[in-house]
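Numbering (this note's numbering), first residue to last: 4 to 227.
Think of the hints as simulated: they come from the structure by calculation, not from any bench.
Treat each hint with caution, since some may be false.
[To be verified] What follows is a set of in silico ranges between Cβ atoms, one per label pair, in the way DEER data are often shown:
| # | residue 1 | residue 2 | range |
| --- | --- | --- | --- |
| 1 | 63 | 108 | 38 to 44 Å |
| 2 | 105 | 70 | 43 to 49 Å |
| 3 | 109 | 140 | 19 to 25 Å |
| 4 | 84 | 21 | 20 to 26 Å |
| 5 | 125 | 58 | 29 to 35 Å |
| 6 | 111 | 184 | 21 to 27 Å |
[Said to hold, decoys possible] Below, computed lysine to aspartate or glutamate pairings styled on EDC-like, alpha-carbon distance capped at 20 Å:
| # | residue 1 | residue 2 |
| --- | --- | --- |
| 7 | 71 | 6 |
| 8 | 71 | 109 |
| 9 | 71 | 59 |
Just so it is clear, CB atoms sit at the ideal spot from N, CA and C, and this is done for glycine as well.
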Amino acid sequence: MDEVPVFAFVDVVVERDGVRALDGFTAAIPGRGVTAVFGPSGSGKSTLLRLCNRLDVPTSGRVSFCGKDIADIDPLRLRRRVGMCFQRPTPFPGTVADNLRVAEPEASDAQMRETLERVALTGSGHGSGTQSWLDRDATALSGGEAQRVCLARTLMAQPQVLLLDEPTSAVDAEAARVIERAVRELADDGIPALWVTHDRAQAERAADRVLHIERGRCTGQVPS
Numbered sequence: 004m005d006e007v008p009v010f011a012f013v014d015v016v017v018e019r020d021g022v023r024a025l026d027g028f029t030a031a032i033p034g035r036g037v038t039a040v041f042g043p044s045g046s047g048k049s050t051l052l053r054l055c056n057r058l059d060v061p062t063s064g065r066v067s068f069c070g071k072d073i074a075d076i077d078p079l080r081l082r083r084r085v086g087m088c089f090q091r092p093t094p095f096p097g098t099v100a101d102n103l104r105v106a107e108p109e110a111s112d113a114q115m116r117e118t119l120e121r122v123a124l125t126g127s128g129h130g131s132g133t134q135s136w137l138d139r140d141a142t143a144l145s146g147g148e149a150q151r152v153c154l155a156r157t158l159m160a161q162p163q164v165l166l167l168d169e170p171t172s173a174v175d176a177e178a179a180r181v182i183e184r185a186v187r188e189l190a191d192d193g194i195p196a197l198w199v200t201h202d203r204a205q206a207e208r209a210a211d212r213v214l215h216i217e218r219g220r221c222t223g224q225v226p227s
């Protein structure tokens with residue numbers, strides 16, 4: 004039996020003010036591993052990602068999630084299943100623990116520590132182990148640390164799939180590699196990722212397959 008893709012796009016058009024961000028886009032995203040969406044600035048990458056949790060809607064065409072038309076899925080329910088991390092990390096005021104409990108108010112310290120370990124936040128210069136991370140001021144973190152806390156916050160909702168919109172563009176190379184490894188381990192644990200990037204080397208390094216997009220159209224999908 005053929006595998007049902009986690010997302011499928013059929014002849015999707017997104018047009019705003021006479022400009023087409025997507026222009027007949029057709030592709031299928033497997034429900035496993037890491038799929039990179041690579042293309043130049045303005046090619047439609049972020050628009051594609053926003054369609055996946057109904058932050059945007061197509062002008063025409065069809066988007067499906069696990070075989071079901073995404074228009075028939077309640078947006079709030081969809082967003083619990085489809086976690087999204089944006090280009091710029093957005094930690095909320097308060098501690099790291101406060102941030103994680105935004106997604107899961109009843110989370111125990113043990114659950115939060117386990118989630119931090121999944122995104123490689125297992126030590127700091129302010130104590131030992133993950134407990135110190137829970138107590139840290141989320142607004143005082145470095146860019147790479149803040150992005151991983153935001154990823155951990157997304158994971159607290161137990162999403163079925165991750166959407167990543169240039170999650171390493173605002174961090175240094177070392178932090179980028181840490182995030183890449185964390186996403187890889189999550190995919191290996193059964194949480195697939197759709198990763199938007201303009202960095203060809205990163206797409207080939209971090210993903211199992213690379214979907215090329217240009218001028219709003221899919222121009223190819225190949226193993227990385």
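Mind checking the hinted window 38 to 44 Å against the Cβ distance between residue 63 and residue 108?
40 Å, holds
Could you check the hint for me, namely that residue 84 and residue 21 are 20 to 26 Å apart, CB to CB?
Given range 20 to 26 Å: violated, Cβ gap about 34 Å.
Between residue 71 and residue 59, does the CA-CA distance stay at or below 20 Å?
Holds, because 17 Å separates the two Cα atoms, which is no more than 20 Å.
Quick one: are residue 105 and residue 70 within 43 to 49 Å, going by C-beta?
31 Å, violated
Is it true that the CA of residue 71 sits at most 20 Å from the CA of residue 6?
Holds, at roughly 14 Å.
Regarding the pair residue 71 and residue 109, is the alpha-carbon distance no greater than 20 Å?
31 Å, violated
Taking the Cβ atom of residue 109 and the Cβ atom of residue 140, is their distance within the range 19 to 25 Å?
Holds, since residue 109 and residue 140 (Cβ atoms, about 23 Å apart) stay within the stated range.
21 to 27 Å was suggested as the range; check whether the CB atoms of residue 111 and residue 184 agree with it.
26 Å, holds
Cβ-Cβ distance between residue 125 and residue 58: within 29 to 35 Å?
32 Å, holds
In summary, the structure is inconsistent with hints 2, 4 and 8 from the numbered list given earlier, while agreeing with the others.
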